[in-house]
Amino acid sequence: MANTKSASTATKNKKPAAKPEKKAPAEELVKEEKVLEEVAAAPEAPEVPAPEAKEEAPAAPIEVVAPEAEAHQEEPALEIKVEEKKKILFVASEAAPFIATGGLAEVIGSLSKALAKEDRYDVRVIIPLYQDIKKEYRKDFRFIGNIFVPLSWRNQYCGIFEYVKDNVTFYFVDNEYYFKRPGCYGYYDDGERFAFFCRSVMEILSFLNFYPDILHCHDWQAALAAIYLKTIYCFRPEYQFIRAVFTIHNIEYQGQYSLDILEDLFGISYRYQYLVEYDRCINLMKGAIECCEQFTTVSPTYAGEIKDPYYSHGLDPIVRRNEFKLCGILNGIDPDYYNPETDRALFANYNAEDTAGKAVCKEELQRMLNLPVKPETPIIAMITRLVSHKGLDLVKEVIEQALRQDIQFVLLGTGDSMYENYFSDLARRYQGKVVSIISFNSDLSRKIYSGADIFLMPSKSEPCGLSQMIASRYGTVAIVRETGGLRDSISPYGAGGNGFTFRDYNAYDMLYVINEAIGVYHNKDEWKHLMHKAMTTDFTWAKSAKYYEGLYLGMLMH
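In full-length UniProt numbering, the protein residues as written are 1 to 558.
It should be emphasised that the hints constitute simulated quantities derived from the structure, not laboratory data. You may find that some hints are simply not true.
20 Å max Cα-Cα, derived SDA-like pairs, lysine to any residue [to be verified]:
(1) Lys-87 - Gly-314
(2) Lys-165 - Tyr-137
(3) Lys-546 - Cys-327
(4) Lys-230 - Glu-203
(5) Lys-117 - Asn-167
(6) Lys-134 - Asp-509
(7) Lys-524 - Cys-327
(8) Lys-533 - Asp-504
(9) Lys-117 - Lys-460
(10) Lys-87 - Glu-176
(11) Lys-460 - Asp-406
(12) Lys-396 - Lys-230
(13) Lys-85 - Asn-209
(14) Lys-134 - Lys-87
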């Protein structure tokens, strides 16, 4: 008990810890009133942003802004959208400027370049590595690897080379057994050669890890790429979203083979025979039409013509059955490549506004070909393959009647021996009026395009044709028959057009139009106006490339 008491006494005697002095309520009220008065007396905060207030009083100290106000003054962050490029792969048997046998190469080289100008597209082209590819380009090809390609029971070597030009990546498929030969076509094993090429395309995609949105195949040599995509490769996940387009450049060449070699040569199971069988044989063009999502031709008129047995070479039932996915888009030409103002092959350069150089080209062409130098005599030219569908039977029928007038006739081309012999004999009989050059010479063709006055192209059928566009670009007025792309690119002079046309496949209709053109030629003011109209006609790829863009984007939406 004593201890308890002493503890209690100690607790009582112990002073409590010092507490903060409590202010009187009156003093607190006075201080609060003073603070409120100071706040009321202070100027109101300006509504303008902080930077403008800073300009009014630059020397004032930086005020600490409340977090809410700071957040309010910050500009919203820019939203950056990264859109993946649409990937387009062209599969073809030739491409300019590397190797060319006709219009197909020009289309591949020019269309890919036109599309690649848009940053939205990753454009690539794949062709075989032929022996005849120009050495000036070949020396710069870069080897990127090799694979082995299965083709039925074969397992063939495939080298892959790369070259970039005009923002387009070109790939070249190397196999010397198939492609180390002169030229591109005309061999007994063309079916096997291009089957290997198309199967290589499919295998190279996985090697490159490049799976295009659009696989654009051109003519029968590339038709198997579309067929393989929808048969052998359709079960692989990475190939399932590739859309196929097939373009017919000439329906006459369809890739026809015996059904016996479907598995052994092409490596396609007989369960897919129904896709490629037509008229009791393999028809590769028919198979591509059936397998692709869209198929096109190289002019709107030709798209309508191939539904007609007269033009379709027997394939019109297939075209009509699939016409819901058919469209025609007119080809163009590269205005930089075909430019009379800069073309080094010409004797003199000129343009649509100043055509003085064209008279020099004509004079020098006459000298070179040993023709009398006559500025007032019109030169009628043909640059063509010497085959029947180019309208040469019409020319044979009436050319000698046309030669009774004061004209000169120049022909450049090779083809069937019947026509080669005829035009060689014509030149022998009409020396000083007719020159026939049985050859293909690119440099000479430019000199003829620039030096001639009238360009004759009376084709029986013409899917598109580029010669009439090139001639017009060089100020040589075209005479064409209204078929295919000729109808879509040349309009009649009588209707204010850029050339001369006739509709029926008739020699005397053609002769009438030739005489009409000669009559207009002798009216110098009218002819100069017609030349200007021809030279300024828009034959570029700009408009056509937009149509292809619309086609591709429409396919990707479905």
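Checked hints:
1. Lys-87 - Gly-314: Roughly 35 Å separates the two Cα atoms, so the pair is violated.
2. Lys-165 - Tyr-137: It holds: about 10 Å lies between the C-alpha atoms, which stays within 20 Å.
3. Lys-546 - Cys-327: holds (14 Å)
4. Lys-230 - Glu-203: Holds, at roughly 14 Å.
5. Lys-117 - Asn-167: With Cα atoms ~7 Å apart, Lys-117 and Asn-167 stay inside 20 Å; holds.
6. Lys-134 - Asp-509: violated (42 Å)
7. Lys-524 - Cys-327: violated (41 Å)
8. Lys-533 - Asp-504: Not satisfied, since the Cα-Cα distance of roughly 25 Å exceeds 20 Å.
9. Lys-117 - Lys-460: violated (36 Å)
10. Lys-87 - Glu-176: violated (29 Å)
11. Lys-460 - Asp-406: Violated, at roughly 27 Å.
12. Lys-396 - Lys-230: violated (47 Å)
13. Lys-85 - Asn-209: holds (15 Å)
14. Lys-134 - Lys-87: violated (27 Å)
Hint check: violations occur at hints 1, 6, 7, 8, 9, 10, 11, 12 and 14; the rest are consistent with the structure.
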